[in-house]
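J.: Please put together the full structure from these sequences, using the hints given.
Listed in order, the protein sequences are those of chains A and B.
What the first sequence shows, in my numbering, is residues 8 to 114, in sequence order.
What the second sequence shows, in my numbering, is residues 135 to 248, in sequence order.
I should point out that these hints are in silico values taken from the structure, not numbers from a laboratory.
Idealized CB from N, CA, C, for every residue including glycine.
Please note that a few of the clues may not be correct.
Below are the DSS-like pairs computed for lysine-lysine, each with C-alpha atoms no more than 27 Å apart in a straight line [what the hints assert, rightly or not]:
(1) B/148 x A/49
(2) A/100 x B/205
(3) A/49 x B/143
Output of the computed footprint for chain B on chain A, the stretches with three or more beta carbons under 8 Å from beta carbons of chain B [claimed, not checked]:
(4) 50-62
(5) 105-114
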Amino acid sequence: GESVGLHLPTLSVQEGDNSIINCAYSNSASDYFIWYKQESGKGPQFIIDIRSNMDKRQGQRVTVLLNKTVKHLSLQIAATQPGDSAVYFCAEKNMRFGAGTRLTVKP
Amino acid sequence: NAGVTQTPKFQVLKTGQSMTLQCAQDMNHNSMYWYRQDPGMGLRLIYYSASEGTTDKGEVPNGYNVSRLNKREFSLRLESAAPSQTSVYFCASRPDLGVRVEQYFGPGTRLTVT
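T.: Structure follows, in structure tokens:
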């Protein structure tokens, strides 16, 4: 069946470094993806989205890259801060979520 | 504007008991969703409602029922709770399809079935 998955369940980075969280999907027809951030004890919150007619989209300190050829997308966080510590999910339009990557930022 | 609200925040049930999880949104969204989140498994869709009066099964509907009471409210019912239903439950809503179609999530209900 169709799936959306992240490559690493955990990622630990030093404060100030850049973080890269990866996600793969199986359905080549998927045309819209969303990244969510979930802090401890809270529901997921929207970070950034990207449509399949784009390769790259930038927000504040975040960039999402989409490679349709290999069905892969990544979330890059620049100058990672302690407040970025959370679980990050990629999701595709039809409400399929990956398992999440827990990002820990070391001071 | 409270967004998506859920009650209760925590609940402990004995096997076989029933309960209803409540969800409401004040953003005038048509679509509403119920997910469960288990450790290491991300969010799995239980049921969703594309509009008032309609409901559809998601990935893991067994053991649950839903009611879309009106545009604001979407409830999830466990008729006979089982330990396998111990999880964190999230309700979400989504605006009509447009430029952005992200979901807005409530704070979750942590349910333990003993």
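J.: Sort out whether residue 143 of chain B lies within 27 Å of residue 49 of chain A, counting only the CA atoms.
T.: Cα-Cα ~11 Å, so holds.
J.: Given the hinted pair residue 148 of chain B and residue 49 of chain A, is their alpha-carbon gap at most 27 Å?
T.: Holds, at about 25 Å.
J.: Has the segment 105-114 of chain A got at least three residues whose CB is nearer than 8 Å to a CB belonging to chain B?
T.: Holds: 3 residues of the segment 105-114 of chain A have a Cβ under 8 Å from chain B.
J.: Can the segment 50-62 of chain A be counted as covered by chain B under the rule of three residues or more with Cβ-Cβ separation shorter than 8 Å?
T.: As far as the segment 50-62 of chain A goes, the hint holds, because 5 residues have Cβ atoms under 8 Å from chain B.
J.: Starting from residue 100 of chain A, check that the Cα of residue 205 of chain B is at most 27 Å away, please.
T.: Holds: residue 100 of chain A and residue 205 of chain B sit about 22 Å apart, inside 27 Å.
Comparing the model with each earlier hint shows no violations; every hint is respected.
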